[in-house]
Amino acid sequence: MMDMAQAEQIFIEEAQDLLQVMETCLLDIEGGDATPADHIAAIFRAAHTIKGSAGLFGFNTVVGFTHSVESVLDKVRDNKLQMDAVLVGLLLDCQQHMAQMIAALSDPGQVVNAAQGTFLLEQLGTYLQAPKDPTPAPVTVPPAAADAWRIDVAYGLDVFRDGMDPVSQLSYLSTIGTLEEVGLQYQFPADFDPESCYLHLQLQLKTSAGKQKIEDVFEFIQESSQVQIQPPLTVVEQLEHTPLQPEKLGQLLVDAGAVTPRELEQVLELQKQQTHSSVGELLVQQGAVPTAVVEAAVNRQAHQEHKRASDFQVLKVEARKLDHLIKLIGEMVTAGSANEVLISQTNNEQLQEAFSSITHLIEQIRDGALSLRMVQIGESFSRLKRIVRDVSRELGKDVELDVVGAETELDKSMVEKLSDPLMHIVRNALDHGIEPVDIRTYRGKPAQGRLKLAAYHEAGAVVIEIQDDGAGLDASRIRAKAEEKGLISSEQALSQEDIYRLIFEPGFSTAAQVTNLSGRGVGMDVVKRNIEELRGQILIDSELGKGTRFRIRLPLTLAIIDGFEVTVGDTHLVLPVNMIQECLEFEHAELVEDRNYLNLRGDVLPFVRLRQLFQLPQPPASRENIVVVQYGRSRAGLVVDTLNGELQAVIKPLAPIFRSTHGISGSTILGSGDVGFILDIPQLIEYACSTESAR
Amino acid sequence: MAVTIERKADFHILVFSAELSIFSVRDDFDSLKTLSQEAVSQLMIDLSHVQDFDSAGLQLLLYLRQQLQSEQPLRWLGLDNPVISKVLTLFRLDLTAMEA
Chain V
1 MMDMAQAEQI FIEEAQDLLQ VMETCLLDIE GGDATPADHI AAIFRAAHTI
51 KGSAGLFGFN TVVGFTHSVE SVLDKVRDNK LQMDAVLVGL LLDCQQHMAQ
101 MIAALSDPGQ VVNAAQGTFL LEQLGTYLQA PKDPTPAPVT VPPAAADAWR
151 IDVAYGLDVF RDGMDPVSQL SYLSTIGTLE EVGLQYQFPA DFDPESCYLH
201 LQLQLKTSAG KQKIEDVFEF IQESSQVQIQ PPLTVVEQLE HTPLQPEKLG
251 QLLVDAGAVT PRELEQVLEL QKQQTHSSVG ELLVQQGAVP TAVVEAAVNR
301 QAHQEHKRAS DFQVLKVEAR KLDHLIKLIG EMVTAGSANE VLISQTNNEQ
351 LQEAFSSITH LIEQIRDGAL SLRMVQIGES FSRLKRIVRD VSRELGKDVE
401 LDVVGAETEL DKSMVEKLSD PLMHIVRNAL DHGIEPVDIR TYRGKPAQGR
451 LKLAAYHEAG AVVIEIQDDG AGLDASRIRA KAEEKGLISS EQALSQEDIY
501 RLIFEPGFST AAQVTNLSGR GVGMDVVKRN IEELRGQILI DSELGKGTRF
551 RIRLPLTLAI IDGFEVTVGD THLVLPVNMI QECLEFEHAE LVEDRNYLNL
601 RGDVLPFVRL RQLFQLPQPP ASRENIVVVQ YGRSRAGLVV DTLNGELQAV
651 IKPLAPIFRS THGISGSTIL GSGDVGFILD IPQLIEYACS TESAR
Chain S
1 MAVTIERKAD FHILVFSAEL SIFSVRDDFD SLKTLSQEAV SQLMIDLSHV
51 QDFDSAGLQL LLYLRQQLQS EQPLRWLGLD NPVISKVLTL FRLDLTAMEA
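For the protein sequence lines, the chains are V and S, in the order given.
Residue 458 in the working numbering sits at position 458 of the first sequence; the count goes up by one each step and never skips.
Residue 16 in the working numbering sits at position 16 of the second sequence; the count goes up by one each step and never skips.
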């Protein structure tokens with residue numbers, strides 16, 4: 001049976017996950033990426049579950065505080081309260097306070113700010129006492145027609161005086177389709193003015209023309225009149241036959257021709273005032289589409305919605321079990337390779353064919369198992385969103401955060417280890433990169449700074465970029481500081497990139513003013529070390545006055561790779577396949593004497609003789625080969641003896657004795673039972689390029 | 001030129017000119033105000049001379065029908081004028097029908 005301590009730990013973990021959901025949803029609403037209607041259910045559910053579970057364990061302070069939060073959320077859910085920017089800010093503060101309370105349950109050292117709690121409860125209280133918002137009068141929308149567009153135009157008083165003529169509009173509509181059920185209504189006031197328009201036109205139009213074409217007819221009266229154009233219900237059928245779409249509802253309806261971009265824009269604008277209403281509700285309320293069309297579009301969005309829901313509903317598996325599974329699969333891959341070698345020696349074609357299908361399945365199982373460990377980097381990015389929000393407020397800077405590729409997947413262990421480095425780079429960008437508003441204005445930049453977080457796949461690696469449009473790195477200042485700190489001598493020649501890399505040296509900091517965020521000169525060296533521990537690489541691009549971009553390149557996984565085996569003497573080496581460009585015969589005759597580069601179809605290719613680098617005693621083979629490898633924008637050649645072909649390599653960590661050996665990142669057991677060393681391609685390329693450029 | 005009011009026997013005939021549009025409705029309306037000072041037993045509206053007819057003109061006719069039909073029966077002339085019939089057909093309107 002589970003003991004109480006264990007159950008409490010599960011509660012704490014679950015509460016932290018729920019608080020994460022709450023934070024992500026609130027930040028989405030604050031950033032305009034989602035509406036309150038999209039997320040209120042998830043936010044409410046999070047608070048409700050935390051309160052309920054905390055009650056089971058008798059955590060009364062958590063229950064009391066969360067109860068007030070839940071009550072406010074309940075009002076929002078019931079459309080009795082609008083979730084505006086102020087309320088979102090308050091709820092984010094409440095979320096942070098709840099996180100403190102939860103953290104304090106497992107860590108008695110964690111301080112809960114009681115005064116802050118009281119203040120927040122008072123703030124929540126004002127919402128709970130607030131009178132009910134007046135509900136806007138419902139707009140009567142006529143039912144949609146089966147196969148005809150329903151057009152309803154309440155003409156404005158000035159339509160005639162503005163030179164517009166409903167007769168012309170009707171006449172034009174009759175040329176693009178068939179008019180049906182035309183009805184003209186009017187109500188003349190006692191002070192009838194013959195030049196004012198009191199007409200209200202309703203009709204149905206059967207046409208193959210799109211909504212935009214129909215709307216264009218009324219383009220010049222949109223300002224003065226109320227025009228409603230409802231698509232026929234046949235649009236529902238069309239929508240039902242379109243494939244599932246990842247787009248937002250509004251865009252889906254625009255794509256289906258049921259809503260025009262103008263209508264969508266108008267509704268999105270309206271939603272800023274009526275934040276509790278969804279886009280679909282507002283479109284129906286405005287008479288732009290019938291409910292049935294919105295429902296059909298929502299169904300087409302089902303995949304997206306389902307995906308969103310699954311973000312919050314996951315099956316939890318103990319990491320230990322997953323690691324064990326992956327370890328077993330690693331063993332299976334190794335055993336499979338050994339069998340493959342033996343089977344290839346039997347010359348039994350049937351057996352070889354049968355085994356190749358097993359190999360194929362093993363590859364699929366391997367990829368499937370590895371994907372279980374993959375998580376979207378968006379999880380890390382959403383934590384950064386909070387940091388950007390809080391830090392920029394603290395510094396009085398206006399910063400817009402742009403996130404691209406949040407769905408990019410990365411091994412979970414990497415995401416965890418990346419968290420701190422990313423946080424540090426982002427804090428640095430906000431603190432030292434993006435200038436205060438007055439300086440930005442003086443420099444002719446937009447007052448609002450921009451910070452972009454992007455993640456994407458590139459040649460078997462994941463690249464994460466953190467880019468700001470701030471002051472950029474000042475190479476001369478960095479150099480001067482490095483000289484002052486004795487990190488380099490004044491005579492030392494360094495490229496711009498080398499100078500930038502000095503910021504990763506321990507104890508380096510150029511910040512004139514140390515703030516409580518950064519500037520203490522601790523961190524960037526740790527950032528680099530953490531990234532390198534993940535077999536990654538960090539690169540800097542910067543332009544003075546324009547901004548800085550950090551690019552972090554990481555391998556896709558830490559466990560198993562598709563490798564290519566080569567030998568030098570009797571040493572087996574494995575290269576990651578996705579970094580190999582081509583293999584060539586190594587021609588000694590074409591070489592420049594004493595230099596390690598060759599002419600590869602007009603390009604200079606530096607190379608490394610692995611025999612020399614690893615000090616292997618055997619003499620070179622009569623024929624040597626060169627493997628051209630690429631990492632990022634750099635490439636180099638690796639001189640080896642024989643090329644043995646592809647294999648799956650289960651990466652085993654290096655024994656401490658090999659840790660000091662450069663150019664090797666791990667080891668693996670080959671099918672033959674031999675040990676293969678996995679080459680660290682980025683390090684070897686850097687070595688080849690820097691050795692040659694230094695000469 | 002605005003609408004003219006002709007008096008024949010016990011008929012008042014409102015003869016609209018070639019223009020029955022936003023450019024004429026103000027004058028037409030003002031001219032028709034004099035009707036309220038007269039005792040009208042039978043009223044006829046003649047549209048046969050109309051050459052320019054728009055929604056403002058149509059609205060004035062609808063207004064007249066609403067105001068006058070309760071007092072005396074309306075007779076229409078020139079509803080077959082293509083300029084008029086085209087607009088009435090578009091709006092599916094029958095001016096001779098009594099308004100509800």
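For the record, the hints were derived by calculation from the structure and aren't laboratory data.
Being a predicted model, the structure only gives us computed values, none of them experimental.
Possibly wrong hints are sitting among the right ones.
Now the in silico label distances, taken between C-beta atoms and shown as ranges [said to hold, decoys possible]:
#, chain 1, residue 1, chain 2, residue 2, range
1, S, 86, V, 216, 56 to 64 Å
2, S, 39, V, 257, 56 to 64 Å
3, S, 27, V, 222, 27 to 35 Å
4, S, 70, V, 292, 40 to 48 Å
5, V, 207, S, 39, 25 to 33 Å
6, S, 39, V, 269, 22 to 30 Å
7, S, 86, V, 154, 23 to 31 Å
Quick partial rundown of chain S residues pointing at chain V, CB under 8 Å, derived from the structure [said to hold, decoys possible]:
#, residue
8, 5
9, 9
10, 63
11, 76
So, partial list: chain S residues that the calculated Cβ filter (under 8 Å) puts toward chain V [stated by the list, open to error]:
#, residue
12, 29
13, 56
14, 64
15, 68
16, 69
17, 88
18, 90
19, 92
Backbone N, C-alpha and C fix where the C-beta goes; we use that ideal spot for every residue, glycine too.
These are the hints, each one checked on the structure:
1. Distance hint for residue 86(S) and residue 216(V): a CB-CB separation of about 23 Å, inconsistent with the stated range 56 to 64 Å.
2. The hinted window of 56 to 64 Å between residue 39(S) and residue 257(V) holds, with their beta carbons roughly 59 Å apart.
3. Between residue 27(S) and residue 222(V) the beta carbons are some 31 Å apart, a value that agrees with the proposed interval 27 to 35 Å.
4. Under the hint 40 to 48 Å, the C-beta atoms of residue 70(S) and residue 292(V), about 43 Å apart, fit the expected range.
5. The given range of 25 to 33 Å is broken by residue 207(V) and residue 39(S), whose C-beta atoms sit roughly 51 Å from each other.
6. As the Cβ distance of residue 39(S) to residue 269(V) is approximately 57 Å, the hint placing it in 22 to 30 Å is violated.
7. The supplied range of 23 to 31 Å is met by residue 86(S) and residue 154(V), whose beta-carbon atoms lie about 24 Å from each other.
8. This hint is violated: residue 5(S) has a C-beta 16 Å from the nearest C-beta of chain V, more than the 8 Å allowed.
9. A hinted interface residue such as residue 9(S) counts as satisfied when its beta carbon comes closer than 8 Å to some beta carbon of chain V; here the least separation is about 29 Å, so the hint is violated.
10. Evaluation of the residue 63(S) hint against chain V yields a held restraint, the C-beta minimum of about 5 Å falling below 8 Å.
11. Against a cut-off of 8 Å between C-beta atoms, the interface hint on residue 76(S) is violated, since the closest Cβ of chain V lies about 17 Å away.
12. Taking 8 Å as the C-beta contact cut-off toward chain V, the hint placing residue 29(S) at the interface holds, the least distance being around 4 Å.
13. A distance limit of 8 Å between C-beta atoms decides the matter here; for residue 56(S) the minimum to chain V is near 5 Å, and the interface restraint holds.
14. The restraint placing residue 64(S) at the interface with chain V is violated, with a minimum CB-CB distance near 10 Å, outside the 8 Å limit.
15. The interface hint given for residue 68(S) is violated, since its Cβ lies 13 Å from the closest Cβ of chain V, which is over the 8 Å cut-off.
16. The interface hint given for residue 69(S) is broken, as the beta carbon of that residue sits about 13 Å from the closest beta carbon of chain V, more than 8 Å.
17. Given hint, residue 88(S) at the interface with chain V, is violated; its Cβ is 10 Å from that chain's nearest Cβ, farther than 8 Å.
18. With its C-beta approaching chain V no nearer than about 5 Å, residue 90(S) sits inside the 8 Å limit, and its interface hint holds.
19. Proximity of residue 92(S) to chain V holds as hinted, the smallest CB-CB distance being about 5 Å (cut-off 8 Å).
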